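Trainee: One letter stands for each residue in the lines below.
2 protein chains.
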Amino acid sequence: MTKHEGIECGIKTGNPEAGLSCSIKDAIELTLLPGVGCLTQGRIKKNLRNISDVFSLDTDALASLGIPGEAYPLIRSRSYQKIAEEIYDWGIREGCKFLLRGVPGYPQLLEEICDPPLILYARGYPEILGKSCIAIVGTRRPTIYGLQMAQGIAADLGSRGLCIISGLARGIDGAAHRGCLEGNGITIAILGCGIDVVYPREHRQLTQKILQKGLLLSEFPPGTSPAPQNFPIRNRIISGLALGTVIIEASEYSGSLITARLAMEQNREVFALPGNITSPQSFGPNFLIKQGAKLVQTWRDVVEELPSELRQELLIKEDAQTPGKPELELLSEEEARLLQLLKEDEVTQFDKVYRASGLSISHLSDLLLKLEMSGRIRQLPGNLYVRLRK
Amino acid sequence: MTKHEGIECGIKTGNPEAGLSCSIKDAIELTLLPGVGCLTQGRIKKNLRNISDVFSLDTDALASLGIPGEAYPLIRSRSYQKIAEEIYDWGIREGCKFLLRGVPGYPQLLEEICDPPLILYARGYPEILGKSCIAIVGTRRPTIYGLQMAQGIAADLGSRGLCIISGLARGIDGAAHRGCLEGNGITIAILGCGIDVVYPREHRQLTQKILQKGLLLSEFPPGTSPAPQNFPIRNRIISGLALGTVIIEASEYSGSLITARLAMEQNREVFALPGNITSPQSFGPNFLIKQGAKLVQTWRDVVEELPSELRQELLIKEDAQTPGKPELELLSEEEARLLQLLKEDEVTQFDKVYRASGLSISHLSDLLLKLEMSGRIRQLPGNLYVRLRK
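Chains A and B, in that order, give the protein sequences. All you need for the numbering used here is the position in the first sequence, starting with 1, plus 154. All you need for the numbering used here is the position in the second sequence, starting with 1, plus 154.
Hints were generated in silico from the structure; no laboratory data involved. Treat the hints loosely; a few may be bogus.
Chain B regions said to be covered by chain A (calculated; three or more residues, Cβ under 8 Å) [what the hints assert, rightly or not]: (1) 386–396; (2) 409–423; (3) 444–450.
Among the chain A residues that face chain B by a calculated CB cut under 8 Å, a handful are [what the hints assert, rightly or not]: (4) Asn204; (5) Ile267; (6) Asp269; (7) Tyr299; (8) Arg390; (9) Asn430; (10) Lys444; (11) Asp455; (12) Val501; (13) Lys524; (14) Asn537.
Chain B side only, calculated, beta carbon under 10 Å to chain A, not exhaustive [said to hold, decoys possible]: (15) Pro280; (16) Gln383; (17) Asn537.
Small disclaimer: the values here were computed from a predicted structure and weren't measured. We treat Cβ as the ideally placed atom computed from N, Cα and C, and that holds for glycine.
Start from the sequences, fold in the hints, and give me the full structure.
Mentor: In structure tokens:
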């Protein structure tokens, strides 16, 4: 792999290659400094024309950027410059890609969260970050139900062209990646360790499969071990890259609930799989649904909440692939007659339908409910009904 | 039993007894007429000073009330007068009570629905209709999960003084009545047959237990057999008598979904028990939750949606009965410190908490979520937090 490929995302900007590789090295160095987290990195990026300028600022200027005193001597002596260069060289050698904030190739949706990482390390195909992504996450100790549903929903969404993001953890995360691959979809794993660390070990093979078409991403420098505190931090990347996050199973204090909360804070959709209230693993999703997360019965429930253009594209594609519409013939004569009483472009009052139908209120309510559940009509507030375009 | 007891609800109004018993007989006769349903009965009641006057109206007047032609000769010849008298006499003899619209004792909430029955036949203690009622309904073919949950939630609500209404059907309905009785609560069964018909037969014993403190109600004249079409009709009485209806399990086209729809139309709360999406019996509740029904994890989820005075009464009673508050000591030092940063009477912005806490965003989010789940704080729209009074 040449240096050219190693920083392909940056090259597309037309920046001089040398300047960009320099910025990448300096960005790496910045992220290694103690006390300089993503928010501080963000302030540096916002206030300086070039992040490399931080290394020549005086104490007052450093302080005004919120950089803590402990970092000043390390900044002046460039203590981490050598390590940063080693990381950069290792990346180039190993085919790792660097995604830098503000440089094309850095995921757009992630720029919108309050604390995007300055740099992301990537293996695989970073260009798939341009696709529409859905995150599917959950507990590391799932039930069979949770595993099956994670796999099934991931396959359903992945096969329809949505990219599935998860955290490569044991349990639900692994099942989501696997399901997506089974559906011939593309999947992205966000790691809580360095991009070069395989964790958990049993996901070595899965990692290889993901990399064939997909992507591994981490904000942690190569070599970072999977410390427990890393995982909640990486969760914001999972939710931040996705249009919405589906919580499959999560017990009362599960990290997946944090991912859900982050998704809400990031103004993204939150979906949850309902489950029996007797199952501790369903506590989290049920709790989230109570808090406003959308209940998921099928992949359609996810697609229905996506931006309208994308939603229509996915649903139209689906309809085109469904041969014929056999279910239309399953309408009873009574149902078909009732359907005729409703319009596609105008609401009809229940009372009007009632009088025109000649049916009893309870029987009519029954039929309207059936038609609504089969997706042929919709009830609107005020007891109004419209027929849906099929 | 004396005549006096038989019409006790009416007597409380101070109406002359003779007049009321006459009205009751005429009301019964009216409900027996073909083509005269609850809506027509409602129009008659609304337009005539005394419903008995209907029997002396001319054709034009009858037509203007929406009474169909087939009924005119039967009205004029008082064809059903004798049967109505027999029903009345039977009721007095058997200790059946008659609840007549517009006469005190007729349930207030039922008056608010669009098609309340003109007369209700009651066995047991009609005065309990003055209590706050919650309906719990579901499929006749439940899973063990559904049965257990119906019984448990009914016991939890019943033991706290809420009256549990259901339809005495096999399955969930039976479990709801039983659970309420186990919790020493009072329960009301709404029948789809005459008040003198035991259906299903295996609920004979349950019926006796319900009657010890509770009530059987039916709008169908004594002797009416449990025809399938009666059940959706009686469902509106179940939802109409209750502040809210809890759907436990219901398959795709279950009558319980109709009860839920009726509850929505009647502007009552709808609650649903979530379940695994692989269970056909949980399709209905999950579907309803997607449509806006409140997900129920515990009895508290029901109580929280009740009118505020009732809610506070039930929750305060509960807190008073909970010895000490041991869980308060389970707060970690960090959580306790965080709690101090929030106020009970004023919202605090996330950002402010973040800066004051000195914690990382992800760790802080984690702690806030824990505090919210333990009911100590609440997040409000706009990323604002308040501390809840404990």
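Trainee: Work down the list of hints and note, for each, if the structure agrees.
Mentor: Hints, verified against the model:
1. 386–396: holds (count 4)
2. 409–423: Holds, because 6 residues of the region 409–423 of chain B bring their Cβ atoms closer than 8 Å to Cβ atoms of chain A.
3. 444–450: holds (count 4)
4. Asn204: 26 Å, violated
5. Ile267: With a minimum Cβ separation of about 10 Å from chain B (threshold 8 Å), the hint on Ile267/A is violated.
6. Asp269: Because about 6 Å separates Asp269/A from the closest Cβ in chain B, which is inside the 8 Å limit, the hint holds.
7. Tyr299: At 5 Å from the nearest chain B Cβ, Tyr299/A passes the 8 Å test, so the hint holds.
8. Arg390: Given a least distance of 6 Å, the restraint on Arg390/A holds.
9. Asn430: Hint holds; Asn430/A Cβ to chain B Cβ min 5 Å, cut 8 Å.
10. Lys444: The hint holds - Lys444/A has a Cβ within 8 Å of chain B, the shortest such distance being about 5 Å.
11. Asp455: 7 Å, holds
12. Val501: Given a least distance of 16 Å, the restraint on Val501/A is violated.
13. Lys524: Holds, because the Cβ-Cβ distance from Lys524/A to chain B comes to roughly 6 Å (cut-off 8 Å).
14. Asn537: 6 Å, holds
15. Pro280: 24 Å, violated
16. Gln383: 8 Å, holds
17. Asn537: Status holds, d = 6 Å.
Violated hints, in rising order: 4, 5, 12 and 15; the structure is consistent with all others.
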